[in-house]
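Asker: These protein sequences, in sequence, are chains R and H.
Counting with the numbering used here, you get residues 3 to 296 for the letters of the first sequence.
Counting with the numbering used here, you get residues 45 to 349 for the letters of the second sequence.
Mixed in with the good hints, there may be bad ones.
Pairwise CB distance ranges, derived in the manner of DEER restraints [claimed, not checked]: (1) R:F56 <-> H:T297: 58 to 64 Å; (2) H:L79 <-> R:V282: 36 to 42 Å; (3) R:V101 <-> H:V342: 32 to 38 Å; (4) H:V239 <-> R:H199: 44 to 50 Å; (5) H:T109 <-> R:V12: 55 to 61 Å; (6) H:K258 <-> R:E53: 43 to 49 Å; (7) H:T109 <-> R:E75: 46 to 52 Å; (8) H:V93 <-> R:Y55: 33 to 39 Å.
Simulated from the structure, these hints should not be mistaken for laboratory data.
Glycine included, each C-beta is placed from N, C-alpha and C at the ideal position.
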Amino acid sequence: MFPPLLGLTVILFVLLRLGGDPIAHLVDPEASAAEIAEVRAAYGFDRPLHEQYFKQLGLILTGDFGDSFRFKEPAMPLILERLPATIQLSLAAMVIALVIAIPAGILSAVYHNSALDFIVTTLSTLGRAMPNFWIGIMLILIVAVQLRWLPPSGRAEPAAIILPALTLGTSIATTLARVLRSAMLEVMRRDYVTTAHAKGLQAHKVVMRHSFRNALIAVVTVFGLQMAWLLGGSVVVEEVFAWPGMGRLILRSVLVRDLAVVQAGVLVFALVIMVTNLLVDVLYAALDPRIRYG
Amino acid sequence: MAKAGSRVPSQQKTFQLNLLKARWLQSLLRSPTGLLGAFLVGSATLAAVFAPWIAPHDPTAFNFTGRLLPPAWLGGDPQYLLGSDQLGRDVLSRLIYGSRISLLVGVCGVLVSLLIGVALGLISGFVGGFADAIISRIIDTFMAIPFIVLALAVIGVLGPRGGNSLLILIVVLGFTGWITFARVVRGEVLAIKQVEYIEAVRALGQTKPTIVMKHVLPNVTASIIVLATLQIATVIIAESSLSFLGLGVQPPTITWGIMLADGRDHLATSWWLSTFPGVAITLTTLGMILLGDWLRDVLDPRLQT
């Protein structure tokens, strides 16, 4: 789990150095060369690069990511303040995705090549092609502006979460439904499923107990990978719906080049994704007793 | 698939090629979705290449007497088929010009990722050892962070700098999208390495670079083509998202993402401004996905998800 995080700190360090002289906004534009050198030495930017990196890594490990120049506050607390809103949105989106994808995937596999299967496959392909921010705009246009059923943006009312969660949820539901469908089709051809049918088990029991449970392993794998996609999507969706989460803060910080916040935000994103992947690994063992760790 | 490395007389080779082409065309004609994909991608490409001849208006020409006109069939001006925007610019003409940026960024961005990803994937898979360990760690690092967040961070640092914004966007999307290629190529090379004919050419004393270029690479080309087509769809969506967020190509360049961002301010009154650019993005990426899925079925059924 840690090598990728360490790698990320290297990438961010290099990136931030590529972005320009780190002391450019600390000194007076008319300062003399001697004054600039003095500021550079005071902040340690005259040291060799690897020394600067390890110093910064040390600071990061103590939770010090530097100050946001926009808010004049430490960057990390700013990010953590907005983390709950993003997690809330992501969880709501996951629930919606599962509620849509599980029945859709099972039914389109059970009724393979039927009209229902055709509809599910078509919608899932269309969903893959639609940018999620556009789905969001269309939902605002139809549900909030035309029908006036739900608030178009913000987080003031509880109902405000529905549209952003739906936007984010449908975009992963399409992938999950597709994976579940093909995993079910594959499992349903196995001998033990035929046996289960032959011994007179009711059809829905065969589908749920024998096919679905085994197809779920494929879905869990994709679900872990989709987590990165979900959090990435939250940046765009939070912006469309003015949802006050971490993604929106990162985006706003990028626009004004508030790099301390960007750096802290990217690392928190990566950490959340890694924790999710760890949970997925644990879930694996629960779903498939053949998998054992350690 | 013909195995590379076998010596076929040239006449027989052209015959095989013709047969291959005929089989492809037949398979495309037999696949309704593949055909639809080819049609959509073809239309977008034609619009991009011939934009100045197809577009009914100058896409940047203001018309202050004809602002926010609805589409022609809803009582707008027949001159402006899909309506006009807040500055009276023709939506259809802007859509046609917008296809240029989407396809350009899509294709060039994917080419950049393809070159990086295939090179690293080949090295990682074939050389193995230390190189593989390093490259795999880099891939893990890139996997830990969402594509779009990384792109945001890079653009945040480099800044969307006026005239260079198109180039920066291509480089950023290229450098963030290469892991897909690297992972697939690495996996395939690991499998191919075990096959007997590779051992045979090695026994014949061929050097490693020759084996990789002449015997390994041709066998992963099918997967690369399929991935590249599907990846273009992903990059087009990423480009439009970044442009929508104000971090992609900068105005006055016309992109579908910028059109959507502008249209959002007029959502309550002029729905067409934020609807048609989205339809354009969806149809283009849908075309790429359908074409990619068809190619996968023809070239490499194992890649199916």
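Asker: Take the hints in turn and mark each one as holding or not.
Answerer: For each hint, the structure was consulted:
Checked against the hint of 58 to 64 Å, the C-beta distance between F56 (chain R) and T297 (chain H) comes to roughly 42 Å, which is inconsistent with it. Separated by about 38 Å at the C-beta atoms, L79 (chain H) and V282 (chain R) satisfy the suggested range of 36 to 42 Å. Here the CB-CB span from V101 (chain R) to V342 (chain H) is close to 36 Å, well matched to the stated 32 to 38 Å. Range check, V239 (chain H) to H199 (chain R): Cβ separation about 39 Å, and the 44 to 50 Å hint is violated.
The supplied range of 55 to 61 Å is met by T109 (chain H) and V12 (chain R), whose beta-carbon atoms lie about 57 Å from each other. Hint check: K258 (chain H) to E53 (chain R), Cβ distance near 46 Å, so the stated range 43 to 49 Å holds. Distance hint for T109 (chain H) and E75 (chain R): a CB-CB separation of about 50 Å, consistent with the stated range 46 to 52 Å. The hinted window of 33 to 39 Å between V93 (chain H) and Y55 (chain R) is violated, with their beta carbons roughly 47 Å apart.
Comparing the model with each earlier hint shows violations of hints 1, 4 and 8; every other hint is respected.
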